[in-house]
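*Asks:* Chain by chain, the residues run as shown.
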Amino acid sequence: MSRRDGAGVFAVALMAAPVVAGGLYSLAAAVGLAGAGANGLSAVRLVDVMRDSSTWRSIGWTFYTAGSATLLATAAALLASVQLQQSRVGRALAILPLAVPHVAAALAALLLLGQSGLLSRIAFAAGLIAQPSEFPVLVYDRPGASLIISFAWKEFPFLTLTALAVLQTAGSTLTEVARTHGADARAIFRRVTWPLLWRGLAPAVIAVFAFLIGQYEMAVLLAPSDPLPLSVLTYERVNDADLARRGEAYVLGLLALLLAAALVVVHERLREDDSGHVGAGGRNA
Amino acid sequence: MIARQTRSVRRLWAIAVAITPGVSACAAPSDRAESATGARSATEMAALPWDSVLVHARGTSVLWRMWRGDPAINAYVDGWVAPRLKSRFGITLQAVEGQGAELVNTLVTEREAGRGVGTASLMWINGETFAQLRRENLLAGPWSGRLPNAQYVDSGSAIIARDFEQDPAGFESPWGTVQFALIYDTVRTPSPPRTVKELATWIHAHPGRFTHDQAFGGVTFLKMLMYALGGGVEQFQGGFSEVKYIAGRDSVFGWIKRLSPDFWRGGETYPPDVAAMHRLLANGEIDFSMSLNQNEVVTKVRQGVLPTTARALLLRDGTIANAHYVGIPFNAPNVAGAMVAADFLLSPEAQFEKQRPEVWADGTVLNHVRVPGEWRAKFSSLAQDRYALSPDSLRRYARPEVAPMYHERMLADWRTMIRRATP
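Just so you know, the sequences run in chain order A and B.
Counting with the numbering used here, you get residues 1 to 285 for the letters of the first sequence.
Counting with the numbering used here, you get residues 1 to 423 for the letters of the second sequence.
What the hints contain is simulated information worked out from the structure, not anything from laboratory work.
Careful: at least some of the hints might be erroneous.
Unchecked claim - No more than 25 Å apart at the CA atoms, straight line, and that leaves these computed lysine to aspartate or glutamate pairs for DMTMM-like:
| # | chain 1 | residue 1 | chain 2 | residue 2 |
| --- | --- | --- | --- | --- |
| 1 | B | K244 | A | D242 |
| 2 | B | K197 | B | E268 |
| 3 | B | K197 | B | E136 |
| 4 | B | K257 | A | E236 |
| 5 | B | K257 | A | E176 |
| 6 | B | K257 | A | D52 |
In isolation and in its complexed conformation, chain B is listed as follows (with noise of 0.2 Å):
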């Protein structure tokens, strides 16, 4: 019997070496040749004509890797994008589940399985998540120039030339714009503060009501406080800087272990993200809650999430201004479907119906002035929305982000100093 079994044992352990060159081979780093021949053919399709990119597209599917964490937003892209790239241009698309860091977690998991060939020809991408794809030579490109409706996009504007200080250098067509917005109750809150040094002043008065989120929002919100208090976005830009960084990380860390005694669960514990966020603000454990889209609060009104009362605040030191993108992975089995894909998401059409209040409020990336003239007129009659900021102050307070680093040190740091430092 314990003859058998140490038998057996054996059997197994050469079966496991069998297997193990199999996996060392994947392990080992790919060579940069084989990443190549995605790129290579998003570099040939975008010197095709357009007319020919668009046979290359006709009768194919596209499998876009993006956020599905909001309704509205799968229901702009499974119910109005999707029959539509199917009736004009032939192209199943297929939207899902896959965002940010996960998505070079899997391009690279595929890299190292050998195959030439992916899964995903689409992703929605931007910031930090764009900085580690291009480093890890994991983006096909430079393809985005060559998008027809590319033309009308407001390249002007800082906040969508440029990616969290990066040049998306044909490696990502800009989809949206968004702004970090403070949500809150009209009813509960009627005089809400206005400014970071307001906001400290309401968070001492006002006891176990204010957090921040564990994720995306969250750290925004800390970087946006480290401009305020450090003099402005203008300090931080131009690449990152150590120096500036720790100057400003102390600032906006003196801040939150000042107040954070007043914060929810007295800063014990944070909600883990904006989901969590605006569940507290709608049970009235806290009164604000915040979001990366100043529309947010619009979409959640109309899905029952948020009470009818609740507003979105910008505060006065400037808030965070950003687009998001699309990119094509280096490995895409679909290039021309998913360039196709990229310039209907761009046309002037589209983009007007996304922005639209009742359906995502997502911010346009196109230059209202570039657009044909019937759509200027549209896209300037968008009827304002009675939850939703006006475009003036948007403006007015918009800062763009920094380089990706800045989010990186920031979320690395605020785990070790703050969340883990509270009694």
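Only chain A is shown next, with the shape it has when bound in the complex (with noise of 0.2 Å):
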């Protein structure tokens, strides 16, 4: 092994070695060994999350939010790179919404969407509704509503810069020899960006969902008290009056990344299989 790869993998090591230690840690107090709480050797901590039936209405509910948040955003994003290619202006504000933290989207939502927020209060002063409580509820909902358009919101930026770097480093060659071919608009969008755009995107939206997943301070302030986001659900049971049930919240912790890693595996068969077709004489593009 030469001294570059011992270097690598050094570095890699540094970088997964908080994950594996926390993963260790997290092993250690699901099974009753680590943590408040912790008295020896035993299964019942994860018994008791696998058999809770809010554990798997929390992953369901969170699933839901961050996957119809993530189709949102990247929807628009989609939308956005291929309209501003063109255009600064409408490049800068599109990537405005990266600059707000999480925490003030969330409460900026709270402001505008809740039933005496300020878009209740223009629809009643419109004379749309008669009194506030006739708004759509749309904050601590259980359709999810205000996170899922602010998960939306807050990602669309990183997505659209995303497609744009994708569009502006491979778009433009491949656009020119379609177009010296004789390929019209739509035959250039069909066979030449939309592929690459896709591509491109695809590991981003991965990473979004993801993180998504575990966001936290979005869904504290906005989410329905049942069914909780997994990111409420583990911070609920650390922190559990019951110090016997802490332990959950490394069970439902390992969960979280279990479910992360297996998105990871998908998105690496997916590209597998993508190159593969590349490798074949580019079936896509």
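Make one complex out of these two single chains by using the hints.
*Replies:* If you want it as structure tokens, here you go:
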């Protein structure tokens, strides 16, 4: 093994160490060997979490909100990137939400979308509703409207930036080639722009989804009390009034880690398939 | 390429395995002897003449973990207490966030890390946090009886002498008292309900205008209902009883289930904490907020969070009053400094300042008769704030806390039986 190899492995190990250590500690805490309320090796926490329907409701709701927001943000980013390639002002505006901290965005959503929020007051002043309580319930709501909207709004700029970068680095030459070969705008989009965008954007989309699954600040401010987002449920458990239940937070943490790892595996498989096609003559392009 | 990757992966595993023993060593429950070092030094410190404690404390710094969620409390601690500790005792006070459940987790982690000395020297605690810290041997002591200003404490008061029925036993020093109150807007609700029964009628007549939060305040409200519906606090005193708890819980949950269709959002969701409750009240979405501090309405009106027409309200069935304390962790790096700080917090001067309505309006733990004459006059002359409740009615309706297990079980059962069971 060369020195360069060794340095690479060391650097990666350094990055992986916290995850490995955290995973091992969580494992110890999940089986009652570490953490507050630990009282000796037992599988009771694992069994309790797996059998608790609130765990699965929480995971389901978290996937639903994170997934909907990712879809929404991706669709918006695809549209925006194609439309905004030539507009510097448009690009600048599109990435503006990037500068807003998540917690500030969630508070803004609360003030804007609540039943006594700004939109409700405008609707009231405009005579659209007779009283604030007629305004649709958008915060602390089970459909998660404000959470999905805020998630999507916060992740949209990142995806747009990535999409624009993909188009800029790879798009122009191929588009030129296609055009000189006589392809029309629709054909160029379908056969050049779209496949490029999709392939270049996929890692970012997976990253956004994985990030949103674990997002806490926005979830705690906007989510309903039932079902609870996975991050909020985990926090509730780690601070449970019953010390013996705090270990359950680590089980939930490990579940979240597994879910994220599964996403990465799915993504890697998709990429492998994809590069196979390109290698076989670029069937998609 | 593949061969190289496999080798790299093996390498990673080798590194992972190499650090495993270290991690599992940390994870093993540490021996109690180690945790005794801090406790011993607290006991030793408590045995010294006060003058030498002062000498030990001079030139040191004290890290204080406390709830930092209220600007009024932060201003008192950072702007009034800290400079006086510095100029009089040479102690640098640094207050940082950390409360309740988190404190237990932090100390357990520090113990598992195997370091003899921790980070914080003082913690703001009470109730079930005190119970958990004691159960896990995470508190130093006894030391609090040693403080010179402890002589002024109103030790005859059931609210101060017992922390959720537990004997502080010198492991925590009282700091203040609070009492649960509802908060309402006198303009919007000119004739509010005065009893639990009237409250039920009011909720039914005003659908969507009442709720409680999911955190500490909400559980305290549920326990108050348990006293009121279950025949008084006396029924639940004398330690936790499963039978009495189940009966009490069932009557509370029956009350909630009957009325929750008329709660805010039909009882489908509950606000996360009192901050959200205040916001909903101020925005006119609900008509009652609540607080575990009868004077919170005073500070929140001053901060502009609540309208000037907001007032506190005590239900005549009785409202829960409790005391809050400061404790020293088993691994405190600076026991002497923490003791001097705790003693200063107990001084008539600091207690008086804290109780002033324009400061924090937190109730004193001192006995007005025991304090030196000049302070006796000052305490009784404390101008009654027009937003505040009278001390007489506070005393009349005050009910003590019961064993912490009632709190733990009520919270856990509410989460599974009410919060999740709503359609």
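*Asks:* Would you list, in rising numerical order, the hints stated earlier that this structure does not obey?
*Replies:* 3 and 5
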